[in-house]
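Letter by letter, the chains look like this.
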Amino acid sequence: MMASGEIRLLPTTMRRMPVLAQSGCYSLCLTASAANNAVVSPAIPGTDNDPAVPASISVIGSTPSGQLPYLSVYTYQINNSSGMPVTGSGYYAAESVTNTAFNTNGQYFSAPNGVITDYVGLSIVTVPADLYGQTLTTTQTYTALYNGYFYNLPTVLQHTISVSSSGSVSISVSVISP
Amino acid sequence: MKGYGSYMLRLSFVVSLIICTLYGIQKIQAYPQTPIVPSGNDKQFERAVLKYVWPALDYGQKVGRIYYSAACQPNANGSSFFPRLNVQPPSDGKIGISAVRDIFRLEKRVSVKESDTGVIRITIGLVPDDVLRVRIASLVLTPEEQYNYWSAIFKIENAPEVQNALQQLKISATARVTSFGIVRPADGLPHLPSVFTNVTMDQALDLVAKTFGGIVLYTFCTPPDQYEIRFANAAEIYSTQ
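Chains A and B are the protein sequences, given in the same order.
Convert by adding 83 to the 1-based position in the first sequence; the result is the number in my numbering.
Convert by adding 2 to the 1-based position in the second sequence; the result is the number in my numbering.
Derived by calculation from the structure, the hints in this document are not laboratory data.
Idealized CB from N, CA, C, for every residue including glycine.
Please note that a few of the clues may not be correct.
[To be verified] Computed footprint of chain B on chain A, listed as stretches where at least three residues anywhere in the stretch have a Cβ under 8 Å from a Cβ of chain B:
#1 183–192
#2 204–211
#3 218–230
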């Protein structure tokens, strides 16, 4: 049996692994859409119970970014099918996030020990009055890459940025599914 | 041996020809084959234009900048209204500034120039650039800011000189919803120097585009007077989101 959401890496130029270690996306960039369009592989023996195989994501913490006042650094943990954190090197993850102007959709970042770092919030120093009283929500999913295979993780995260009527901002990220 | 050498020479020529032909076909096919539909939303329209520009910039090997003015969009999830442009594929085999000029050959509003440093600048309409000309005396980047373009852009935008100028000019940055991943500093990865010294904001952004192999866009929108800086690379340009 194949692990949920598992996708087989096609033997094409997408296999150019060094690209994955770079922050930007260059001429042979791997995108989440490319991953999503990849052909689902036949079952891979031994992966079902392999504790190294990514299966879900959980939110493990957040801190202020120290860079912009309304930007927080969230850390997520890739877990295996038993809900335990994966460990070791060789993990990469790419976000797919909706309703954001600034993002890194489709770009794979190294996630040592399955830990993903994500900056969430607003790209400003002062909140404009037209945002007062607004709540902005976005949804985010991840595709993990490990050992040459893509895993479309089913976990859906929701970012909520609430601006009060007085202009104070609160940022939260929660798992909304599953 | 002479005959063998001649055979190998001919063979290598044929192989080279095949490779060049295939490469040429690949490049031609890289440009969109269908016209841009003006009814698309601004994000789609901007991406449609970038899909012409990106191959002309040799997929990030050449440094590109785009400047345009627009009406502000009161939506923190979106971006400014992108001008509707009549763009065309460049002539076969062209790359670099000649290709970019070809793309916009039917557009009187667009100017394309290449700087001494090899940066290809595409300017759409009249774009106020007071902010970009602000000179930054010294800016120290953290390792994270050195290795991540969004972090670097935010750092540049928040340089004290830039913030002071924004206050004086009564210009603000657009408020945008943000979510971006972070690459951890490591040997061999593209990164900026740890210090910028005596550079304009525009020059600092050139360096971001060059270092991370992308296009840095600058938008000035009104009303109110606002600016926005974005970074587009292959993932952004070909994103389905």
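message: Taking beta carbons only, do three or more residues of the region 204–211 of chain A come closer than 8 Å to chain B?
response: Since 8 is at least three, the answer is holds.
Three-residue Cβ test at 8 Å for the coverage of the region 218–230 of chain A by chain B: Since 3 is at least three, the answer is holds.
task: Examine the region 183–192 of chain A for residues whose CB is less than 8 Å from any CB of chain B, and state whether their number is three or more.
output: holds (count 9)
The structure shown violates none of the earlier numbered hints.
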